[in-house]
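Letter by letter, the sequence shown follows residues 16 to 90 of the numbering used here.
The hints are simulated quantities; they were obtained by calculation from the structure and are not laboratory data. Predicted model, so just to flag it, every value in this text is computed and none were measured. Mixed in with the good hints there might be a few duds.
As the list claims (entries may be wrong) - Distance ranges between label pairs, derived from CB positions:
(1) Leu28 x Glu50: 16 to 26 Å
(2) Gly43 x Pro84: 14 to 24 Å
(3) Asp71 x Arg49: 12 to 22 Å
(4) Arg49 x Lys85: 13 to 23 Å
(5) Gly43 x Asp64: 13 to 23 Å
(6) Thr52 x Glu32: 15 to 25 Å
(7) Thr52 x Glu24: 14 to 24 Å
(8) Arg42 x Pro84: 29 to 39 Å
C-beta: ideal position from N, C-alpha, C; glycine also.
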Amino acid sequence: MNRLKEIREDHDLLEVEIAQILNISQRGYSHYEREDTNIPIETLHKLADYYKTSIDYLLYRTDERKPYPKSILNN
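Assemble the whole structure, with the sequences as input and the hints as a guide.
Listed below in structure tokens is the structure:
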């Protein structure tokens with residue numbers, strides 16, 4: 016299963032709801048979940064912040080779901 020779909024469903028959200036949060040169309044968001052379109056970095060930041068995770072988790076670079084400590088981000 017796609018990680019975006021998995022985390023969205025874990026938060027009991029519909030595609031249209033997360034699309035509204037991102038200020039994009041449901042169809043546009045659906046392309047991200049189906050991996051038809053690359054996700055802009057700004058959108059990845061919004062998703063990681065919203066889900067309180069890391070971009071690396073969303074992109075399968077890690078299986079660690081919790082976000083990085085703030086001290087790392089400030090360096």
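Falls inside 15 to 25 Å, the C-beta gap from Thr52 to Glu32? holds, 19 Å
If I claimed the Cβ atoms of Asp71 and Arg49 lie 12 to 22 Å apart, would that claim hold in this structure? holds, 21 Å
Arg49 and Lys85, beta-carbon distance inside 13 to 23 Å? violated, 33 Å
Take the C-beta atom of Arg42 and the C-beta atom of Pro84, compute their distance, and say whether it sits inside 29 to 39 Å. holds, 36 Å
Measuring from beta carbon to beta carbon, are Thr52 and Glu24 in 14 to 24 Å? For Glu24 against Thr52, whose Cβ atoms are near 20 Å apart, the range 14 to 24 Å holds.
With 13 to 23 Å as the target window, see if Gly43 and Asp64 comply at their CB atoms. The hint (13 to 23 Å, Cβ to Cβ) holds, given that Gly43 and Asp64 are roughly 19 Å apart.
Does the hinted range 14 to 24 Å hold for Gly43 and Pro84 at CB? violated, 32 Å
Indicate whether the distance between the beta carbons of Leu28 and Glu50 respects the range 16 to 26 Å. holds, 19 Å
Consistency with the previously given hints fails for numbers 2, 4, ordered from lowest to highest.
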